[in-house]
Amino acid sequence: MKARSILLVEDNHQDEMLILRVLKKINLANVVDVARDGQQAVDYLFGEGEFAHRAGADLPAAVLLDIGLPRLSGLEVLARVRAHPRTRVLPVVILTSSDEEKDRLKSYQSGANSFVRKPLDFAEFAETVARLGVYWLATNEPPPAR
Amino acid sequence: MSADPRQRFILLATASYTGLALAWIFLSDQLLAGFADLNAMVWLSTAKGVFFVVVSASAFYFALRAVPATAAASSGSLMETLAAGAAPGALPRWLTYLFAVMVTLSMLLVRDSLAAEVGDQPLLMLFMFPIILSALLGGLGPGLAATAVAALGVDYFAIPPLHSLRIAAAHDLMQWSFLLVNGVAVSLLSEALRQSLSRAEMNRRLLDVVISRTPDAVFVKDTLGRYLLANDATAGFVGRAPGEIVGCDDRALFPDATARELMALDAAIMGAGRTQTHEEHLTTRDGRQLVFLATKGPVLDGAGRVMGLFGVSRDITDRRRAEDEIRRLNAQLERRATESGVELQAANRELEDLAYAVTHNLRAPLRAIGGFAQVLVEDHAARLDAAARGSLDQIMQGCELMGCQLDGILTLLRCTRGELRRTVVDMSALATRRLDELARAEPKRQVLREVAAGLVATGDQAMLDMVLIQLLRNAWKFTRDREDAAIRVLAGELDGRPGICVADNGAGFDMAHVQGLFRPFQRLHRQDEFPGIGIGLATVQRIIHRHGGEIRGEGRPGAGAKFCFTLPASVAKETP
Numbered sequence: 001m002k003a004r005s006i007l008l009v010e011d012n013h014q015d016e017m018l019i020l021r022v023l024k025k026i027n028l029a030n031v032v033d034v035a036r037d038g039q040q041a042v043d044y045l046f047g048e049g050e051f052a053h054r055a056g057a058d059l060p061a062a063v064l065l066d067i068g069l070p071r072l073s074g075l076e077v078l079a080r081v082r083a084h085p086r087t088r089v090l091p092v093v094i095l096t097s098s099d100e101e102k103d104r105l106k107s108y109q110s111g112a113n114s115f116v117r118k119p120l121d122f123a124e125f126a127e128t129v130a131r132l133g134v135y136w137l138a139t140n141e142p143p144p145a146r
Numbered sequence: 001m002s003a004d005p006r007q008r009f010i011l012l013a014t015a016s017y018t019g020l021a022l023a024w025i026f027l028s029d030q031l032l033a034g035f036a037d038l039n040a041m042v043w044l045s046t047a048k049g050v051f052f053v054v055v056s057a058s059a060f061y062f063a064l065r066a067v068p069a070t071a072a073a074s075s076g077s078l079m080e081t082l083a084a085g086a087a088p089g090a091l092p093r094w095l096t097y098l099f100a101v102m103v104t105l106s107m108l109l110v111r112d113s114l115a116a117e118v119g120d121q122p123l124l125m126l127f128m129f130p131i132i133l134s135a136l137l138g139g140l141g142p143g144l145a146a147t148a149v150a151a152l153g154v155d156y157f158a159i160p161p162l163h164s165l166r167i168a169a170a171h172d173l174m175q176w177s178f179l180l181v182n183g184v185a186v187s188l189l190s191e192a193l194r195q196s197l198s199r200a201e202m203n204r205r206l207l208d209v210v211i212s213r214t215p216d217a218v219f220v221k222d223t224l225g226r227y228l229l230a231n232d233a234t235a236g237f238v239g240r241a242p243g244e245i246v247g248c249d250d251r252a253l254f255p256d257a258t259a260r261e262l263m264a265l266d267a268a269i270m271g272a273g274r275t276q277t278h279e280e281h282l283t284t285r286d287g288r289q290l291v292f293l294a295t296k297g298p299v300l301d302g303a304g305r306v307m308g309l310f311g312v313s314r315d316i317t318d319r320r321r322a323e324d325e326i327r328r329l330n331a332q333l334e335r336r337a338t339e340s341g342v343e344l345q346a347a348n349r350e351l352e353d354l355a356y357a358v359t360h361n362l363r364a365p366l367r368a369i370g371g372f373a374q375v376l377v378e379d380h381a382a383r384l385d386a387a388a389r390g391s392l393d394q395i396m397q398g399c400e401l402m403g404c405q406l407d408g409i410l411t412l413l414r415c416t417r418g419e420l421r422r423t424v425v426d427m428s429a430l431a432t433r434r435l436d437e438l439a440r441a442e443p444k445r446q447v448l449r450e451v452a453a454g455l456v457a458t459g460d461q462a463m464l465d466m467v468l469i470q471l472l473r474n475a476w477k478f479t480r481d482r483e484d485a486a487i488r489v490l491a492g493e494l495d496g497r498p499g500i501c502v503a504d505n506g507a508g509f510d511m512a513h514v515q516g517l518f519r520p521f522q523r524l525h526r527q528d529e530f531p532g533i534g535i536g537l538a539t540v541q542r543i544i545h546r547h548g549g550e551i552r553g554e555g556r557p558g559a560g561a562k563f564c565f566t567l568p569a570s571v572a573k574e575t576p
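Protein sequence lines, in the order shown, are assigned to chains A and B.
Here this note's numbering is used: the first residue of the first sequence is 1, the next is one more, and so on.
Here this note's numbering is used: the first residue of the second sequence is 1, the next is one more, and so on.
Pulled out of the complex, with its shape left as it was, chain A reads as follows (with noise of 0.2 Å):
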């Protein structure tokens, strides 16, 4: 059984090459896959628009999704994913620099099944990161994957 992988959504390309590079470091890098605004997100997970040759292809063990993005909002892409029958269950892990308590509570409303906070010390950040992939990569088993 192939791998599954994670979908990253991250406009931000310096939290980005960050990300990666904690990921790479316990050997998880290989299975990321990255968006960069909530509309690549959204045609990522349905195979729509330049992802169109993943139609029907398997759903991302989890979703790692910022709330602050162009085109479409992390919130928007939540609503989106939950709204659709195959996606409605799809772990979505909010990962954002947003200490608002109403993003935080908007979050779960819309179903994040997780909201991580984007420490500001890299070295926190970075041990953060390496959890976050270790837990949905390793430890959590997802839902189906199609």
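Calculated from the structure, these hints are not laboratory results.
Where hints are given, some of them may not hold.
Anything over 12 Å on all C-beta distances counts as not near chain A; from chain B, calculated [claimed, not checked]:
1) A15
2) T317
3) A364
4) R367
5) G418
Cβ-Cβ distance ranges computed for the label pairs, FRET-style [what the hints assert, rightly or not]:
6) G49/A <-> R526/B: 54 to 64 Å
7) L494/B <-> S114/A: 58 to 68 Å
8) S114/A <-> F521/B: 31 to 41 Å
9) A145/A <-> T423/B: 39 to 49 Å
10) V342/B <-> A145/A: 49 to 59 Å
11) A138/A <-> V424/B: 46 to 56 Å
Here a beta-carbon is modelled for each residue, glycine too, at the ideal position from N, C-alpha and C.
Use these hints to put chain B onto chain A, whose structure you have.
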């Protein structure tokens, strides 16, 4: 219109003079015709002429004195004019005495010439004329003088024995005594009359001055609303002469609507029988809108019946306009203040939103700087010398400090964002929990922790928790160097209001620097003494102020610090 009574008086005086003079000529000539003796007739004619001249001269004098006096009065009758002319002080005293003596002596002459014809009768009745005239003109003194001259003269020249002051016959003595008594009585009565006239005249003049000089409209109307009296101010307001107003009612002076209102109002006041003050909004015939403060009341006759209405009206149009203007400007000012207050609040809110967004957005690049510095250290350490690694260390330290500051600012800004959810908060429990956390984090430190039981406050639980976290963290930090460190949370007082205090026996601070205590990024200690970013107390103060409370700190270098705060509607009490 003051010429009217003057004209009337001159006409009347001239006519009277003409009538009286003609009558005198006819009557006296008829009298003379009764005398047979030619010599006596010539004599009498001369005496009659002299008497006539004296009388008419004095009449002229009255007339000429009186006429200018009436000019000052706005309305005047013949009696008033006479009274004005005969008022005390109108003539020099010596002249009235001279007149008294002269007119009496001329009467003596007249009597003397008549005496031969009427059989040596004293004719005492004749002398009442000069006495009355003198008393009327000069009052008591001249009256008595005329009486004395007449009595002595008559006694000496006319009462037997002649050329002696003795009086032989009893009936002569009686008549003479009557003359004397009458003369004195007339003089006294005249004096009384003159004085009361003078008092009346004085009162009239005083009233006249008040009524004519006041800028207020003063008027009297009869029960039908016709003006009985109206001063110059009244006339000015309606644009008529005072003489034209008397006799008219308001319908002749004001437009119909205003006149109807006024007359209805006046009728109501006369009906109520009470003096009252109110505002009247009038439109004049030339279209001016005037506002009056009018005091109106009934005029009562001796029996208490309403016989008219008096009124004093002050023109307050300008004042009212000024008041309206003030009110309008005040309202405008208030509106502008509110508007600018709202604008200011909005601007403040925008600025804070901007500060929040900027601070927030700075976190990602900061993480990148720190992160890639870390990447250099981790992945390329072999190719870096010690100096390069030292520089990278400084970069990472800077990033850490900046990260703390950004977090501090975000915490500070969050205090004024969002809703304030007031509940009753158990401050004792919160303080105990936060102190225990601090103690757990540094188990090596021995700190005496005392939290008074039953401290309660009303406010937003999360924010009040932040207050305690910051204050206790500071207390914990600044007692670091003390063996016998103690931190107390207790009930206190601020400006007589109950509050809660956090006290420690740590490093304290100099009260000279108390001003900067609550300002963001202001620190009273060097970074190498006690690290920190100086945002904690600013956050605390913001929270307390947002709750409508006050906070104050006091300290002494080396002797600890104490921070007390109040929260409105908070109950801080110690239960035993």
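Against the structure, the hints come out as follows:
At roughly 109 Å, the least C-beta separation between A15/B and chain A is larger than 12 Å, which holds for a residue marked as non-interface. Taking the minimum C-beta to C-beta distance to chain A, about 60 Å, the non-interface status of T317/B holds against the 12 Å cut. With a least beta-carbon separation of about 5 Å from chain A, A364/B fails to lie farther than 12 Å from that chain, contradicting its non-interface assignment. At the 12 Å boundary, the C-beta of R367/B falls inside the reach of chain A, the nearest C-beta of that chain being 6 Å off.
Some Cβ of chain A comes within 12 Å of the Cβ of G418/B; the nearest lies about 7 Å off, and the non-interface call is violated. Against the hinted window of 54 to 64 Å, the Cβ-Cβ separation of G49/A and R526/B comes to about 58 Å, which satisfies the hint. Here the CB-CB span from L494/B to S114/A is close to 45 Å, at odds with the stated 58 to 68 Å. For the pair S114/A and F521/B, the supplied restraint of 31 to 41 Å holds, since their beta-carbon distance comes to about 35 Å.
A beta carbon spacing of about 47 Å between A145/A and T423/B agrees with the range 39 to 49 Å that was offered as a hint. For the pair V342/B and A145/A, the beta carbons lie near 56 Å from each other, so the given range of 49 to 59 Å is met. Between A138/A and V424/B the CB atoms are about 47 Å apart, so this pair conforms to the stated range of 46 to 56 Å.
In the structure shown, a violation is registered for the earlier hints numbered 3, 4, 5, 7, in ascending order.
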